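S.K.: Go by the hints and put chain B onto chain A.
The primary structure of each chain is shown beneath.
Protein chains: 2
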Amino acid sequence: MDDHFPSEGRRRVVIENLQPRFEDGAFPIKRIVHDPVTVTVDIFTDGHDHIVSLLRYRADEKQPWTEKPLEPQGNDIWRADLNISKIGLWQFCAIAWVDHFVTWRYDLTKRAAAGQDLAIEFQIGANLIAPIAERAKAKHPEDAQFLADQLLRLRSDRPQHERTEIALGGHLEQLMIKHADRTLATQSKVQEILVDRPKARFSTWYELFPRSCGEPGKHGTFRDVIAKLPGIAEMGFDVLYFPPIHPIGDSFRKGKNNAPNAQPDDVGSPWAIGNHDGGHDGLHSQLGTLEDFQALRIAAEKHGIELALDLAYQCAPEHPYVKEHPEWFKLRPDGTIQYAENPPKKYQDIYPFDFETPAWQSLWRELKRVVDYWVAQGIKIFRVDNPHTKAFPFWEWMIPEVKKAAPDVLFLSEAFTRPRVRYRLAKLGFSQSYTYFTWRTNKAELTDYFGEIARPPVNQFFRPNLWPNTPDILHASLQHGGRPAFLIRLILAATLGANYGMYGPAFELCDGEPREPNSEEYLDSEKYQLKNWTWDHADSLRPLITTLNRVRREHAALQHDETLSFHPTSNDAVLAYSKHSHDGRDLILVVINLDPFHPHEATVEWNPALLGRHLPMDYEVRDLLSGANQIWHGHSATVVLSPEHPAQVFHVG
Amino acid sequence: MDDHFPSEGRRRVVIENLQPRFEDGAFPIKRIVHDPVTVTVDIFTDGHDHIVSLLRYRADEKQPWTEKPLEPQGNDIWRADLNISKIGLWQFCAIAWVDHFVTWRYDLTKRAAAGQDLAIEFQIGANLIAPIAERAKAKHPEDAQFLADQLLRLRSDRPQHERTEIALGGHLEQLMIKHADRTLATQSKVQEILVDRPKARFSTWYELFPRSCGEPGKHGTFRDVIAKLPGIAEMGFDVLYFPPIHPIGDSFRKGKNNAPNAQPDDVGSPWAIGNHDGGHDGLHSQLGTLEDFQALRIAAEKHGIELALDLAYQCAPEHPYVKEHPEWFKLRPDGTIQYAENPPKKYQDIYPFDFETPAWQSLWRELKRVVDYWVAQGIKIFRVDNPHTKAFPFWEWMIPEVKKAAPDVLFLSEAFTRPRVRYRLAKLGFSQSYTYFTWRTNKAELTDYFGEIARPPVNQFFRPNLWPNTPDILHASLQHGGRPAFLIRLILAATLGANYGMYGPAFELCDGEPREPNSEEYLDSEKYQLKNWTWDHADSLRPLITTLNRVRREHAALQHDETLSFHPTSNDAVLAYSKHSHDGRDLILVVINLDPFHPHEATVEWNPALLGRHLPMDYEVRDLLSGANQIWHGHSATVVLSPEHPAQVFHVG
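Going down the list, the protein sequences come from chains A and B. This note's numbering numbers the first residue of the first sequence as 984 and each following residue consecutively. This note's numbering numbers the first residue of the second sequence as 984 and each following residue consecutively.
Everything labelled a hint here was simulated from the structure, so no lab data went into it. Here the structure is a predicted model, which means the values were calculated and not measured. Keep in mind that the hints are not guaranteed to be accurate.
Since the list gives no way to pick one copy over another, a pair counts as held whenever it fits inside one copy or between any two copies.
What the hints assert, rightly or not - Straight line, CA to CA, 30 angstroms or less: simulated DSBU-like cross-link-like pairs of lysine-lysine:
#1 Lys1093 <-> Lys1239
#2 Lys1313 <-> Lys1120
#3 Lys1093 <-> Lys1426
#4 Lys1328 <-> Lys1387
#5 Lys1514 <-> Lys1363
#6 Lys1093 <-> Lys1329
#7 Lys1514 <-> Lys1237
#8 Lys1313 <-> Lys1093
#9 Lys1093 <-> Lys1328
#10 Lys1239 <-> Lys1201
#11 Lys1306 <-> Lys1328
#12 Lys1313 <-> Lys1161
#13 Lys1161 <-> Lys1093
#14 Lys1093 <-> Lys1237
#15 Lys1386 <-> Lys1182
#16 Lys1239 <-> Lys1329
#17 Lys1045 <-> Lys1172
#18 Lys1387 <-> Lys1172
#19 Lys1237 <-> Lys1306
#20 Lys1120 <-> Lys1514
#21 Lys1172 <-> Lys1386
Chain A extracted, bound-state conformation (with noise of 0.2 angstroms):
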């Protein structure tokens, strides 16, 4: 007969509900270095046993874990604090065990008030210590000699007063869970934590194709680039990313404005990768060596700024793969590889790899090489490239595998695709990801989306990166706004997301115009062409950006995305929301007109004391962008704003 039992039927304790975690702990959490963790826990046993419960952690797997107590905080609940000292992917767990001792401890204390005989009692305390005794002997003599001499004082014939005060010893107790026996203790599942440094949280990206950098009408190089430094940290943004830097295809590549056949002098597409010269660990021979690229790195790094290279997993058909590894992609019956596709569109000019190739163990191991080929050249942040055209299960490996040894690196996930398909590459790992930010134009476009990615349990997963506009994508908002439409988005992105970035060059200089009607693509657009951009045009957003740029920095409040709350505004084209520090005590209230062709005047509904900030009934705002003082009273503000000054962006009391 079967009696189907489990393999330890005595495990009394239950365990539920550790927090935080989503999805029943499937993926890690994510979090920044120093970040306040507060784990909870459900522990409870059946009956009226009392329970030994330790939270217990460590910095990465390998290490052996430390432990610290959980503190009861009544109806079963249990807590304790984490303290995630340095980035890498931590580990908790909790562990707990019904303590014969405690709770016989804990019994005595009113066994001896009720003035019982407790001769048996000690008897029964006795033979509880001496297996633990004997148990803490090998590693901890000491503690086992304590032990045992409390043991035979319990035995002895001392007063009962005496052996009471004997048993209840806090040091004895102390021994007894160190000691304790936890063959029938539960553990929890294990939960992860993903730590990361600052800059996954709160950053500033400017996009720039460096061969745009050079004097009119010559392909820019590293070098070019160097000169743009200092404007472009001067606006105050610390991550500069380029699209790829790789030797660019020949076969099919595109022309102007995608051209579907190239003119002899035409630069082709940076996301074409490889060549006779190389692959995604070569660089392209007109924007310079490894050494420059280097030089350049360098002098980023003086001026503040990171560099961030794109990873875009596909190649050229010259790409040296493609002779080397046809096993990574797939062949047509005719011998040839299987180009891109969208039927019935052909995109001959790239060949995607091969996901379910039975080589996908060397494709897996070459892709990560390339990243770790460019992490060797000290570069720590890469804007993967459509990463929902790859395998998950090739994601789920690469970037913990990466992040093992060098666990600074970070990935901007660009997939602007689905929202499942854009949350699991979040849980999967990528540590930023771009949002649907750059289609959300109206107040409930926006108050809908912000609200789920800014709360549980997206939040735990999903890092916002906001971006107005993109190579790829100029919104119809930006075509027919003017400059003000480019105004609210700025003003939008930097103050809604922690993260936020620009194509910059198109959007610093309100570049509007679509390659044709109805059309997100750009006209003369970067990707097939060199750009001569006029950098110092009067309408330039360039003083606003700075500004905006030196509020984030100041301004613990704008520097992560949790506290984001929206405030009802009397008006459909006014936007209010804010954003506060943890402590509480930097709080920026946002209000903004998001039409840009005609001026508005809204009443701001909103109570300071519910976003944990006490004020007297008249307390003073400023605007942040005009410098402009206000004395408000009570919970509601009326703001008038125009198309050409379409926010003021408050710092509170």
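M.R.: Okay, now just chain B, sitting in the frame of chain A:
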């Protein structure tokens, strides 16, 4: 070098968020046979390939899976309806794979529409069919033949439009899916559904001490209970639950009103189980023989009443287990067996089992044997005494094991303990659970508590059974509120809960006499003595009980708890709530005065349209207690309620 590769890196489909479930599927969800179950699940892959997704299900784990298609709902959500056609522990999961044939077929339509040359495409399609035709050969030769034929036609030199027609054939696609290679398919975790008979959700309990059913002053018998059956059936009860009916111990027997020392003629507590006559599978000799018990069970059945026994896993000192299996108990240093305690209180008439005994397997086996024994005697409902003082792993094992052989067995958990402990027991398999209803009397308490237990996740695993009183609990409101308090608590229990019960004679006859002030113990409790009930008292609640139970039988709205909604009233003493049948046709609105001392008037605000019921501006309501009709207008109605007629139970429209 260890690459830490997963065993298979090419499983490209992701399956998430299989519903319904709670706690990520750690426990079965509970349903009643024939309940509609709609399964939804998020399924997606990288890129643009097409997915085939199936729901797999079976009525128990030993059967092979049945499969049916999951249908895409957009936004990566898939769905299928599951027909749970019999009781048992069902299983379901989702399986899905990237299907290259389905993808190819979809792309082909677009290529054909664009007028492209498809020669190579037909080769690709044929290459996809070839291995599947080969796979099908052994078991489905006719399918294999069809596939082979289509393959040849695709490879032939027929005109492109003919080959396109062949490629798009519906039967070809069906067979390609039927025989698809699932090597790289993803399967979700398996979710279980504990499917019970309808009584698990809708039952009406009457608790009775058989020993009090005799002639005044004489110990009642099973035969005496038979005489009470017509009255209990007339009132509309369908479960008759007895406190333990086993032999009662002598040592340390408690006297009347829990006196520490029994008098020679004291009958003792039936929860002190076991003496020289036998234990948990024996019958107390004064109640009758097994034959008498069977006569009672069969007589009850004829009245539509099922007997429920009390499962109290504890022993009196004379229980046969104590001698035969001392290893199932804790020993004290003096060689005696450890009695129950709540220091400094001692309960020397009770020996608890030691669930940490090394002999736990033989203990578990015996405890289950007791249940199996009574199941063999025709008992299918057990009210489990203090399950929270027995180890959780035992219930987790025992309940499913019993139900494997007898899936119609139901267990009611008597655990008036901490919320997480009670919920854990429900998760482990208890069919119904006692609730805090017994102590929730005012409007806020009732609204909060039922707001919690009637909603997910709690209603996925916890089926409340509402008791206004038990032999252990005479709530203060019944001590002080007189007959109106009994009316109120009765109507609440019968209409808030699809399962409800009462400690019958005491409730029916409005016994509100506590042993002492501020005690919840009854004076002259039946737990310790025979009781002489005046069954036909003029104040008896019998008429109202009869009406309420008839209303419950006649109205589907009251036979489940899922649609419970509270509605605002203008008076804190008046509670209003509705329930409706799933088809919306049966709609009940209860308006009840919670104050047993004063009449109250209240205006109820409600909107039947929000409950799915669209009514004309003027509609009829009928009070099912008084039979009186009214015409209501719009979304509010004013009701006046006296303590003597504290509620109106309206059938609407």
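S.K.: Provide an ascending list of the numbers of those earlier hints which the structure does not satisfy.
M.R.: 3, 4 and 20
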